[in-house]
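Those protein sequence lines, which keep their order, are chains A and B.
Note that the first sequence covers residues 18 to 278 in the working numbering.
Note that the second sequence covers residues 10 to 278 in the working numbering.
None of these hints come from the bench; they were simulated from the model.
Keep in mind that the hints are not guaranteed to be accurate.
What the hints assert, rightly or not - To spell it out: a stretch of chain A is covered by chain B in this simulated footprint if at least three of its residues, at any positions, have a beta carbon under 8 angstroms from a beta carbon of chain B; those stretches are:
id	stretch
1	18-28
2	67-73
Unchecked claim - A short list of chain B residues far from chain A (calculated; beta carbon distances all over 10 angstroms):
id	residue
3	L24
4	W42
5	T46
6	I51
7	A105
8	V205
Glycine is no exception: its CB is placed at the ideal position from the N, C-alpha and C atoms.
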Amino acid sequence: MRYLRLFFIQLKASLLVAMQYRLDFLIDLGLAILATSSALVPLLVLYGDRQTVAGWTWPQALLVVGFFNVLRGILNSVIQPSLQAVVEHIRRGTLDFVLMKPADAQFLVSTARFEVREVTDSLAGVGIIAYALSRLGEWPGPLGVAAAVLIVGCGVMILYSIFILVVGLAFVWVKVDNLSYLFMSLFDAARWPASVFRGAMAWVFTFILPLAVMTTFPALAVMNRLTPAALAQALLVTAVFLTLSRVAWLQCLRRYTSAGG
Amino acid sequence: MSKRAVPWYDLLVTLFKVGFADAVAYRGEMFVWLLATNMPLIMLVLWSAVAAEAPVGRYGQREFAAYFLSTLVVRLLTGAWVVWTMNLEIKNGQLAMRLIRPVHPFWMFAAENVAAWPLRAVMAVPIGVAAVWMVGGQYFTRDLRQWALFPIAVLSAWLLNFSIMLVIGCLAFFWQSSFGAFEVWFRLYIVFSGYVVPVDLFPRVLQDALRYLPFRYLLAFPVETALGTISFTTALHDLARQWLFISLALAVAVVLWQRGVRRYEAFGG
């Protein structure tokens, strides 16, 4: 309960900052629309040429793109800014001030900053999903929606864990901008239905960087096609990633010697 | 500006050496940055999977492989990051350190970016050789004139990229969130330069329009020169257009810079 209250206090602080820059918000909205529509161009070219790609029709592939946008919005608004702030703390040695506070440090740093503006990306994603579903003409049942929401939640947790792991590396290497950039560039592949990727890449995107779980599974869920086994797989992968990141975080804190150390 | 004791080329060579030392010192970091240039590979896998079912336009699997590996090479060789440097230094005041030196900062930026070429080439050249070897020479041009033109096209593409980044970087003098402009530019670049879709798969009208826009001269033009999908005459025309855009961008950058620095000095007080 206390953590929930802390969460809202931190969210409110970020909202106040965001509302100071209203013009920026509008610019970001425009950017999100441009980014979303320009990212659709390869798909448009592709589906201008044929009906299905790797078993996915145009509206079905749009669903994946929609979920990709939703996740990317959450990543850029909630996960990435806070963890960028941790890296700054580590570099300057100000992480000590966070560690001194009487609450869990991982919680505090993870909720420190929200880039409210980036949420526009998620909104665009919801719009795309709605459009794709209307094109499909087949609406998901309550079970499908619940499964999709659950799996998007899993996706967020996996992304969060990966970023905590990247921050863990910051304790060792200090500079990790390029690692998060590298991750973002790989994450971009989640825009495509997972069955497009074959061979080694399919393996990597299922087990090491579970992109399939993040965007293809929720798309399957709203199409009422997700098998219980796949759902179990998503939950399992999420649990593994969360445990891994928590252990890594605690290990890293133990070896953190602060700036003077 | 004080009278220089050393000739300008000595200055440039020194700047280049400093930049190169910097690049070598942070080679691990640079390697990760270069790894992040993986979009052509993802696009290659994607389009190959599509072409496995049936070719798209004139592109079968091998054509796509030749195309996207060339794209990767050209992208690695033409990368610049001056817009990030300028944005950061203008905002946190570090730019003042450059202004007191007796070289125009544009030259310093250029030297820093050019200094990364050797390391970038170490990565790009093997990819290029492997591409020709694996995909097969018949998917590339056999016209020696085109191969002679290719390095010129790549260097010019770098210069165009660099100049456009200078223009956008200068916007930071006038506008707090100028980096948004770069993001808009970059989104358009990704789509219309041939980075994710070969330009000749676009509808005819769009292809024609793109000849009058800068995007294709940053990437598609050198790539198509190497592949031989454009004729030598067309390539020469493209080169001329490329240089038109370079002169335009450089002229705008110089003007913006002069105005910006005037404001900046007044602002810094």
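Do the hints match the structure? See the list:
| no. | hint | verdict |
| --- | --- | --- |
| 1 | 18-28 | violated (count 0) |
| 2 | 67-73 | holds (count 3) |
| 3 | L24 | holds (24 angstroms) |
| 4 | W42 | violated (5 angstroms) |
| 5 | T46 | violated (8 angstroms) |
| 6 | I51 | violated (5 angstroms) |
| 7 | A105 | holds (22 angstroms) |
| 8 | V205 | violated (5 angstroms) |
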